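Undergrad: One-letter residues, chain by chain:
Number of protein chains: 2
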Amino acid sequence: MEQPPTEMPPSSPIERYLARLYDRYAGLDEGQVATYIPELAKADPRWFGISIATPDGHVYEVGDARQPFTIQSISKPFAYGLALEDRGRPRVLEKIGVEPTGEAFNSISLAPGTGCPLNPMINAGAIATTSLVRGDTAEQKVQRMLDVFSTYAGRPLQIDRAVYLSERETGHRNRAIGHMLRNFDILTEDPTTALDAYFQQCSIEVTCRDLAVMAATLANEGVNPVTGERAIERELVDPVMSVMMSCGMYDFAGEWLYWVGLPAKSGVAGGVLAVLPGQLGIAVFSPRLDAHGNSVRGIRVCKDLSTELNLHCLRVPRAARAVMHGTFDLVKLRSKRVRRERARRLLQELGGRVKIYELQGDLMFGATELAVRKIASAAALTDAAVVDLKRVGRIDATSADLLLRLTESWESQGKRLVFSSVQRHASFDRALAELAAAAPAGNAGAPDPRRTFVDLDSALESCENALLARHLPGDAGALAVTLAEHDLFRGLGPGAVAALQKRLAPARFRRGDVIVHAGEPADEIYLLTEGEVSVVIELAGGQAKRIATLSPGMFFGELAVVRGTARSADVRADSAVTCYALPKSELEALERSDPATRAVLLGNLLRHVAEMVALLTAEVTALLEG
Amino acid sequence: MEQPPTEMPPSSPIERYLARLYDRYAGLDEGQVATYIPELAKADPRWFGISIATPDGHVYEVGDARQPFTIQSISKPFAYGLALEDRGRPRVLEKIGVEPTGEAFNSISLAPGTGCPLNPMINAGAIATTSLVRGDTAEQKVQRMLDVFSTYAGRPLQIDRAVYLSERETGHRNRAIGHMLRNFDILTEDPTTALDAYFQQCSIEVTCRDLAVMAATLANEGVNPVTGERAIERELVDPVMSVMMSCGMYDFAGEWLYWVGLPAKSGVAGGVLAVLPGQLGIAVFSPRLDAHGNSVRGIRVCKDLSTELNLHCLRVPRAARAVMHGTFDLVKLRSKRVRRERARRLLQELGGRVKIYELQGDLMFGATELAVRKIASAAALTDAAVVDLKRVGRIDATSADLLLRLTESWESQGKRLVFSSVQRHASFDRALAELAAAAPAGNAGAPDPRRTFVDLDSALESCENALLARHLPGDAGALAVTLAEHDLFRGLGPGAVAALQKRLAPARFRRGDVIVHAGEPADEIYLLTEGEVSVVIELAGGQAKRIATLSPGMFFGELAVVRGTARSADVRADSAVTCYALPKSELEALERSDPATRAVLLGNLLRHVAEMVALLTAEVTALLEG
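Same order as they appear, the protein sequences are chains B and F. Residue 1103 is where the first sequence starts when you use this note's numbering, and the numbers rise one by one after that. Residue 1103 is where the second sequence starts when you use this note's numbering, and the numbers rise one by one after that.
Be aware that a few hints might be false.
No copy is singled out in the list; a pair is fine if it fits within one copy or between any two copies.
Said to hold, decoys possible - Once the Cα atoms are required to be at most 27 Å apart in a straight line, the calculated DSS-like pairs of lysine-lysine come out as:
| hint | residue 1 | residue 2 |
| --- | --- | --- |
| 1 | K1476 | K1434 |
| 2 | K1647 | K1434 |
| 3 | K1647 | K1476 |
| 4 | K1604 | K1686 |
| 5 | K1517 | K1492 |
| 6 | K1492 | K1476 |
| 7 | K1517 | K1434 |
| 8 | K1492 | K1434 |
| 9 | K1517 | K1438 |
| 10 | K1647 | K1438 |
| 11 | K1517 | K1476 |
I should point out that these hints are in silico values taken from the structure, not numbers from a laboratory. In this text the structure is predicted, and so the values were computed from the model without any measurement.
Given these sequences and hints, build the entire structure.
TA: So this is what it looks like as structure tokens:
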């Protein structure tokens, strides 16, 4: 397959760093190309490539990063993952241990008594692993490995026949191991099948770039970050990386963990692959090997990368600190439903008892514990809380459980805990739905039974409604009004209202009708007397976002009229709607015909718009600080 | 020392989980209390405690979490950290290896030839470690360990004399090891000193809660999360955790890494300590031991904790995904300097070429690479960018370097990259200052040489100024105006202006004067004719935050007058200021005396306030979506 040229900008500091690293070791000629398989001896000792792949699929590379070579022992962890998937962990652990041996790669380290290979990274364990990969014949096993390894690499991989034949011909030590495994019944059939599959598995051809993507697939919890395809079940990634960590570098494992600190695997063709979980896949290719059988330049580059880029897997960002994106309450942050003054005052007064927590990042125990503790510690001063998940990447089972327990606990105290932006978290959404509905006595009034909302705005509206229902029970925000009762006409005498009313005709709309279209010229202010409307803009992604929802007695379209601009948003009828259009020209004509009325209208408009500024200023301040 | 009662709310789901875990194993009576030291045999086999400490210093605990016992081998990693600090890594590594032995804790595993203990977690390595801790006498060494261990635990620790004497009397095997080490010159003096210090070190009395805090200190990069005191240099935390990871659980290390996956250490008094780097410290105490010498319930609890809470250290949150808090441009987000219409239109038109990136969390390679790549990829469409660090916890050396390289690269292309909210990142701030000042030819006009700003607002203002200086070179926003030229009087005839002017007196203020005080009644609108003022509110933390900066021709104080509320903010003179106060009563009097003038003034007020609504709405939308 033709690979596209890399799209890395030449100004990338990371690419320049890799180029410097390459230069640093390009002249290093310590070590020897492997010769125990004749075909491997043909490698050019000068070959040298470095690749780094990120969990969003970007690949940095330098040098011979596209030179094919055989995967050799780097196949072992991937085959182990396959065996775990095909046979299950208990069955595999029965046959193959997970303890490091402190011995060389080709040692025949079998546990005394059982004959179990001590781990799957030594040849004995790897051959046993291959025997556990699904398939009755060597060909079936090999095809399965090729399929899955190709998913890891993101391109179809093939076998280097010459190396395979050379391995098969000269692999006496491995044959000895195979028969020893058969002797202990670790292999239950003729070892030839497993051995033949194993020789082919080691002869799969990869590039340094492939290995980096394979490593990044492990770093990305089993999903190839370039293609988005899953190569291994998420639950099996930890065990694979664990054996790489403890046994991946043979008798160099302790030093490796100390100096590099990354789950890794090397192969005698010169490849080294390392994983920084959650962050990076790293691969180096250089065929000269040290006495441990590891690539000399590979080890040096990995050490420098780990030290200089601070990649040791035990040194991690303190994820929990970044979990809170923002913390607000209903005083600071409101839904886009516009409230009448009484309701607004009440929300100002009592809104501090409804808290809003925007979370961010992957929710795992550390982060969630902090968030849950923070939310729980506010419980005494809180009637309800909204947890927004819009910026949350993933919720693990523990975190889901902690949030469910918190919900239960709040509901048992007669409090409400709801979650917004839950669409991307389907299983958590389901679990919340399945949570036995608590029936707190104190809340009998008008509880909204919903625990989840599609966005923060709708969750806020629900919490506001609950607060208002309890404390302003008689509030009739949605009842129709007459023009005489309308906000815009406040302060006008009956005569002035009658005169205006004579010149205005009611317009009626059905639910869903668009009353005002964004982009059109703005010639009228609309007085809403019946039903509700929403002001809606379209976001960059095409998604609709409401700016305001208005009730009878309110008006809309005034901003564009005052500013002399085109309509900046659509206004849609949320129900059957009656409204009156007051033309700009009419307002201007009043300047001569009835300046006093005009002054009242301007004063009403001004007060209304000033109110909006106050609310928006509070919101901006909250969002910038929260 | 009397310890305060825990403040954990009883409703915490984590405490309830720990209680369930406790119940699950409270009845387990497998294993035997250690008897090889007579004093240890006195332990109550029923003792059982679990503690978890978070990196912000919260401690969960259940059972006998405050029962004192001796630290025993759990002292080894902490002493190793001390030896590294006192002698430096090379000197310590000369004497003690870092390879796991796969053997029992009391094995005499010395490397063939050199006689070096294979690692510092076996007794031989630990005794060699103690000999490297600073101090000429056993007492000095012990005092040093007590001091530092107490910093880890956050309370003064002491030695259990009875256990110490018992250890000293019966420690023949350790004495044999000491002499063997002396024989190989690993110990360079009489082994009695190291041995006596070692026996005391093992007899330091701790509780399960102490161990959890000690573990959390490692998780928190060496800083005790409860007291905030540093117990070990940050650079030495990785090596300590590395040897815990590879060698901490003796011949159980591979299984431990596979099933638990946390750097850990156990002791024969029944303690087990485990670290989830960046996230948690865990400790279990239960004196019954298995054949490996590890606490039976300790191992079970750690396995369950790791599995059920998903704590395996190779399974981590994908930190990089949470690095972008928000992405904006100057169209969406503006400084609080209020611009005249021409400038506003220009910013609307060209503001897309100035990008704003708010970063969040600890910046390490994975996160920073993503951020740098994202910023770099926008370079072609960008003239300048602001990177805000307000929500960044820490910038590691690699990340600082990547950001510096990006800055250089942008400046060499004649672009600007600036950083805001840098106060908490002093060394990065210094490094930016030391970066050779690039002198891009294309920017000769009016470049602001600053690379750092105290907050995002001031960085935005600088970028706006640069854009306006280039594209609106003649803009005289700060020049004094006459009342006739004032925005509020726009559209009035000369007669009307003269009539108003007669009734208004100029007020002059010096830089720093407070013209309007928050909380006072609002009776006047101020017309600014000379100098600049800022509208400032006080945030919850007492910090001042500007809401707006105004230039001559603009007015302030209108919102409170229109809304009939008290002043909501201070207005301060940023320079020598002249302004005219227009009393509310004057505006009302015009209703009868000159309704046409009043209508013009209301219209001007209305347009102005409507403009503010439009800007604020855009800002809110950007902040909610960004």
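Undergrad: With reference to the structure, classify each hint as holding or not holding.
TA: So, going through the hints one by one against the coordinates:
1. K1476 with K1434: Within. Shortest intra-copy distance 18 Å satisfies the 27 Å Cα cut-off; inter-copy 32 Å does not.
2. K1647 with K1434: both (20 Å within a copy, 16 Å between copies)
3. K1647 with K1476: between (30 Å within a copy, 26 Å between copies)
4. K1604 with K1686: within (16 Å within a copy, 33 Å between copies)
5. K1517 with K1492: within (23 Å within a copy, 33 Å between copies)
6. K1492 with K1476: Intra 19 Å, inter 21 Å, cutoff 27 Å: intra and inter.
7. K1517 with K1434: within (20 Å within a copy, 37 Å between copies)
8. K1492 with K1434: both (19 Å within a copy, 20 Å between copies)
9. K1517 with K1438: This pair counts as within: shortest intra-copy Cα distance 23 Å, inter-copy 39 Å.
10. K1647 with K1438: For K1647 and K1438, the Cα distance is within 27 Å both inside one copy (10 Å) and across copies (25 Å).
11. K1517 with K1476: within (16 Å within a copy, 42 Å between copies)
In summary, the structure agrees with every hint in the numbered list given earlier.
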